[in-house]
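Undergrad: Listed below are the residues making up each chain.
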Amino acid sequence: MTTTAPETGALEAVFEAAVAADERIEPRDWMPDAYRATLVRQIAQHAHSEIIGMQPEANWITRAPSLRRKAILMAKVQDEAGHGLYLYSAAETLGTGRDELLDKLHAGRQRYSSIFNYPTLTWADVGAIGWLVDGAAITNQVPLCRCSYGPYARAMVRICKEESFHQRQGYELLLALSRGTEAQHAMAQDAVDRWWWPSLMMFGPPDDESAHSAQSMAWKIKRHSNDELRQRFVDICVPQAESLGLTLPDPDLRWNEERGHHDFGPIDWDEFHEVLRGNGPCNEQRITQRRKAHEEGAWVREAAAAYATKHAAEHGEATA
Amino acid sequence: MVLSHRLGEWAGHAPVLEEEVALANIALDLLGQARVLLSLVGDEDELAYLREERAFRNVQLVEQPNGDFAHTIARQLYFSTYQQLLYERLAGDGESPFAPVAAKAVKEVAYHRDHAEHWTLRLGDGTAESHARMRRALDALWRFTGELFEPVEGLPVDPAALRDGWLTSVTDVLRRATLTLPEGPQAGAWTAGAGRQGIHTEPFGRMLAEMQHLHRSHPGATW
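In order, the protein sequences belong to chains C and X. My numbering applies: residue 1 is where the first sequence begins, and numbers increase by one. My numbering applies: residue 1 is where the second sequence begins, and numbers increase by one.
These are calculated hints, taken from the structure and not from any lab test. Since the model is a prediction, treat every value here as computed from it, not as a measurement. Note that CB positions come from ideal geometry on N, CA and C, so glycine has one too. What you were told as hints is all true, and nothing was included just to trick you.
Derived, one-sided and incomplete: chain X residues facing chain C with beta-carbon distance under 7 Å:
| no. | residue |
| --- | --- |
| 1 | 8 |
| 2 | 11 |
| 3 | 122 |
| 4 | 126 |
| 5 | 127 |
| 6 | 130 |
| 7 | 214 |
| 8 | 215 |
Pulled out of the complex, with its shape left as it was, chain C reads as follows (with noise of 0.2 Å):
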């Protein structure tokens, strides 16, 4: 503790060993700023995720055709609160707070995930959300419980049996859906046909264009590139959409025996980038709605806050 500091170039070193024979790493061990800056980035969007994400499926809670139906999405959206807030508590183990986080998504500084900003137009997309787009996360996300940061990685163990239960839940709803009327199975299939290609660009680019990608793999933060996780994705959908008696919108879609996946038709990257870019259906809904419900819970974090302290002044008084 009081021997002299080692210097940088020793601490480097003793984490890169850590990293390299699968430790963890822990908030109060020494890091690169970047691998820091890196993770609180990754985290934040992750987190700012969860909580527009709640918006397109919140859309439904009022509508929900049955009883039933309607506390699974409520319980669904509560546990995407949920995720946020653990992932806030893991960002802030690298020195950044939860309002700091907040502001920047509210000034547009930090992104969510792209999927977001798809408009939730019939039941059916409650269903297909569950299915393509938890689908996918989890797809992103098992590989993170095996993350190189502690705290993520713990917090993305829990997120993940939550959200392979959504997963399933959506799938089922689609399969009722699918065996239903024929109105109903043609809503299934709309939702489908409007979520499979948003769901793939949840990868994110390809791998010759993923700028951050080498060195998050080489951290250990990402275990697979984009490109694999896509293609492991659609290799799991294929059958699933067959015993779902629903079609994937892409015509070039089919079994490639040489390579033992399945191959797929081009990806609308243009479209990905619009929709990075903020001109996507819902950008500008999404943000407005987190940042009003922001500013109109102001006056009651304000009562929470001056409650707070004229109530623990009093108590520090009582004890003093």
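With chain C's structure known, arrange chain X on it following the hints.
TA: Same frame as chain C, but now just chain X:
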């Protein structure tokens, strides 16, 4: 069921993340209670989605729009205090078909009341603005509280017997929140008890229209 629906409208709009979780949690508890109660009478979805406004028997208090956070909390304070007293009574009556439901619900409702109490204290004894908003909310909803104590057909407890306990409990929370019980009658222009007779306030029809439209658009479908 109606109050649960109203609380569900908060999803994605709450002032802090912790309240997203808390309000959804309360909404889910209430929905769970409603589903058990409706199933005692018939098919829960038929009762929820295919009755028209005049056939609903909920008290008018729970159908009131959310308003600001203070309105939601005032509605929660009034209603959860009543529910807790009612369920305690019902749980104690071993003969009643409501006893098992009430025994489970009373634990949930105690949490709801605790949540409402804590927010009433924070808002009442917070800032000048939060105090004023809480005051306005309590006043605005006061006239819907009389109905809570009107007799309900088929209920083995006379709600009138709950009034004293309710007044004592609410008065105590308000006193600690530096607030006082609203003045004026506990009934509005309508005779207290109108909700129980299927006479509702205007926002309720719109709420049902939104709630029921998808179910009604696909007659006979299963979801």
